[in-house]
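K.L.:
Single-letter residue listing:
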Amino acid sequence: MAEALIPRAFVARLWARVFRRNRVSSGFPFVASGVLGLVLICALFGPWIAPYRATAISLADAMTPPAWMEGGSASHLLGTDNLGRDILSRIIAGARVSTTVAFYAIVLSGLIGAGLGMAAGYFGGVVDAVISRVIDTQMAVPSIPLAMLFAAVLPPGEAMVIFIIVLSYWTWYARIVRGEVMSLRERDFIALAKVAGVGTPTIFVRHLAPNLLNTLLVLATLQFGSVIVFEAGLSFLGLGIQPPQVSWGGMLSDGRNFIEVAWWLITIPGIAIMAACLASNLLGDWLRDTFDPLRRQVW
Amino acid sequence: MTLLALEDVACHFTTPAGVVRAVDGITLKIDPGETLALVGESGCGKSTLAWLILGLHPLTRGRISFKGQDISRLRGRGAKGFRARVQAVFQDPYSSLNPRLKVRTILAEPLLAHGAARRGVAAKINRALSLVGLPEMSADLYPHEFSGGQRQRIAIARALILEPDLVVLDEPISALDVSIRAQMLNLLQDLQGELGLAYLLIAHDLALVEHAARRVAVMYLGEIVEDGRTEALFDRPQHPYTQALLAAVPRPDPAHPRATGQIHGEVATALAPPSGCRFHPRCPKCMDVCTKTAPETTIVATEHQARCHLLDSRHVPGTRRGTIVG
Chain X
1 MAEALIPRAF VARLWARVFR RNRVSSGFPF VASGVLGLVL ICALFGPWIA
51 PYRATAISLA DAMTPPAWME GGSASHLLGT DNLGRDILSR IIAGARVSTT
101 VAFYAIVLSG LIGAGLGMAA GYFGGVVDAV ISRVIDTQMA VPSIPLAMLF
151 AAVLPPGEAM VIFIIVLSYW TWYARIVRGE VMSLRERDFI ALAKVAGVGT
201 PTIFVRHLAP NLLNTLLVLA TLQFGSVIVF EAGLSFLGLG IQPPQVSWGG
251 MLSDGRNFIE VAWWLITIPG IAIMAACLAS NLLGDWLRDT FDPLRRQVW
Chain A
1 MTLLALEDVA CHFTTPAGVV RAVDGITLKI DPGETLALVG ESGCGKSTLA
51 WLILGLHPLT RGRISFKGQD ISRLRGRGAK GFRARVQAVF QDPYSSLNPR
101 LKVRTILAEP LLAHGAARRG VAAKINRALS LVGLPEMSAD LYPHEFSGGQ
151 RQRIAIARAL ILEPDLVVLD EPISALDVSI RAQMLNLLQD LQGELGLAYL
201 LIAHDLALVE HAARRVAVMY LGEIVEDGRT EALFDRPQHP YTQALLAAVP
251 RPDPAHPRAT GQIHGEVATA LAPPSGCRFH PRCPKCMDVC TKTAPETTIV
301 ATEHQARCHL LDSRHVPGTR RGTIVG
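Going down the list, the sequences are from chains X and A. Quick note: the first sequence uses the numbering used here, first residue 1, plus one each step. Quick note: the second sequence uses the numbering used here, first residue 1, plus one each step.
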């Protein structure tokens, strides 16, 4: 009967639309955006959602396994750590830190990188040579030793982590924007703007920047995941977010000592990091395909 | 009074491979309200010359004057004033309109850059749109919502909005569908009559040039080899290059023999122009002298001159000797 009510062809078409079967371009990444949405909700409303305070210690409940395991309890869905702190609450609190750091790091490195990349691509010549050499030099410096240097010099905390991430990530924006601007600058509308008497600052703001937005949005989405992994790495090494502030990388680092008795201490933050990174990569890929007119397909 | 005069204008680019003499010693003038066509093969420097006139690239040598005022070395305020008088329409209407701006912003840009009062802008936009035959509602759309021909109309409207004296048309119709070329050409001619515009028409389509231009200048490898009134130049071409170009125009007459193969090879590179006459390696009438010395400009009739040794009785006995002007 169900077949009569909903024609099978319709179901097939809907299925194909949503999941883009047999197509080059992928369909809208529902799962990826769902995961990222969850991370964002945790970041924004964490304190109201989390069942416990992230730092609430309860030694009596220490090392409770996740609820579905033997000995687990429904009051700690993802279990507790060696101090009896609720893992779920800590993951939610960590999402807030990771997202904040990633947001500021991406916005700042995007602004700096795009600004310098636009100047290099538009003016060319000496300006380009200087900026390009700075980019090359920056890219040749491995970021972990650089992070160790700054961690030793600067006061620890979120601001330092953001600074270190911006230092190693702005070059990506600068490089890509420089290339885009070099091709944009040859377009006739730039020459015609000059013929019309438009000044250089206006050309940057009105003619270059809006044409770079797609690229920047795609790059920022792709980098969201990468920045979260980098931040986790720094925190794991003890160079990043310091306790009692919670971070996913710090949770990995704490749980490492108990890996043989309580696997969930590192598995769960590990899954959180991986899921957030993978989701942002998938969404970024989809955005790139969608903005690329060559790959864009009519629904 | 001459509107625009170029004297010995040159533009050399320094590249890793050497100096490219893209434009090398060009003297031209354009009178108010007339159309001067500039024809030549790809890579001969036509578009570079347009860029020089528009002030988009500095001159290596020479002088450009507009209404008697030297504008080739103007900067800042003076340059801006001149820029309002000379506008341009380029070949590709897909590249000449910023895809992120509404037509209203595109049209308002030149006005606002020249400090027009915001209140008058809307009226001027509507007038410019009606001049090129587009409805007023077009102003609120984006360029991608128009066809190629409509986009070129928008580009023309933008060029006209400052009420310039001269519009540089760099291949204005060659990117358009054949079906709308005539339409666009008529539009350009109507506007010229209505607004008293002078055009510098850069083209490679000689049929178009014959129809549209009062005078023609033929360019080869950075130099003008012949220029004159359109009828004179088409009826009595003097330079072998002009003759070959005209012979290559297809005629809608099956009885007319196809004149191909008059010239061979490719345009030489402007990196190392040939010695003597730049056309000599490809010239069917090449003489000894052509390989050694560059020809001088010879006036063959009123407003008709060419640079060729064949016109000089010192090299070709019996030739009516024109006036050598140097």
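Check each hint, because a few of them may be wrong.
[What the hints assert, rightly or not] Pair ranges (Cβ atoms, derived): (1) A:18 / X:201: 53 to 59 Å; (2) X:130 / A:13: 45 to 51 Å; (3) X:153 / A:43: 54 to 60 Å; (4) A:196 / X:123: 35 to 41 Å; (5) A:205 / X:217: 38 to 44 Å; (6) X:156 / A:73: 54 to 60 Å; (7) X:123 / A:272: 27 to 33 Å; (8) A:73 / X:182: 24 to 30 Å; (9) X:289 / A:144: 16 to 22 Å; (10) A:13 / X:201: 25 to 31 Å; (11) X:186 / A:195: 28 to 34 Å; (12) X:139 / A:190: 55 to 61 Å.
Since the hints were derived computationally from the structure, they do not count as laboratory data. Each residue gets a CB set at the ideal place from its N, CA and C atoms; glycine is no exception.
K.L.:
All hints, please: hold or fail.
P.N.:
Evaluated hints:
no.: 1; hint: A:18 / X:201: 53 to 59 Å; in the structure: violated, 36 Å
no.: 2; hint: X:130 / A:13: 45 to 51 Å; in the structure: violated, 23 Å
no.: 3; hint: X:153 / A:43: 54 to 60 Å; in the structure: holds, 57 Å
no.: 4; hint: A:196 / X:123: 35 to 41 Å; in the structure: holds, 39 Å
no.: 5; hint: A:205 / X:217: 38 to 44 Å; in the structure: holds, 43 Å
no.: 6; hint: X:156 / A:73: 54 to 60 Å; in the structure: holds, 58 Å
no.: 7; hint: X:123 / A:272: 27 to 33 Å; in the structure: holds, 30 Å
no.: 8; hint: A:73 / X:182: 24 to 30 Å; in the structure: holds, 28 Å
no.: 9; hint: X:289 / A:144: 16 to 22 Å; in the structure: holds, 19 Å
no.: 10; hint: A:13 / X:201: 25 to 31 Å; in the structure: holds, 27 Å
no.: 11; hint: X:186 / A:195: 28 to 34 Å; in the structure: holds, 31 Å
no.: 12; hint: X:139 / A:190: 55 to 61 Å; in the structure: holds, 57 Å
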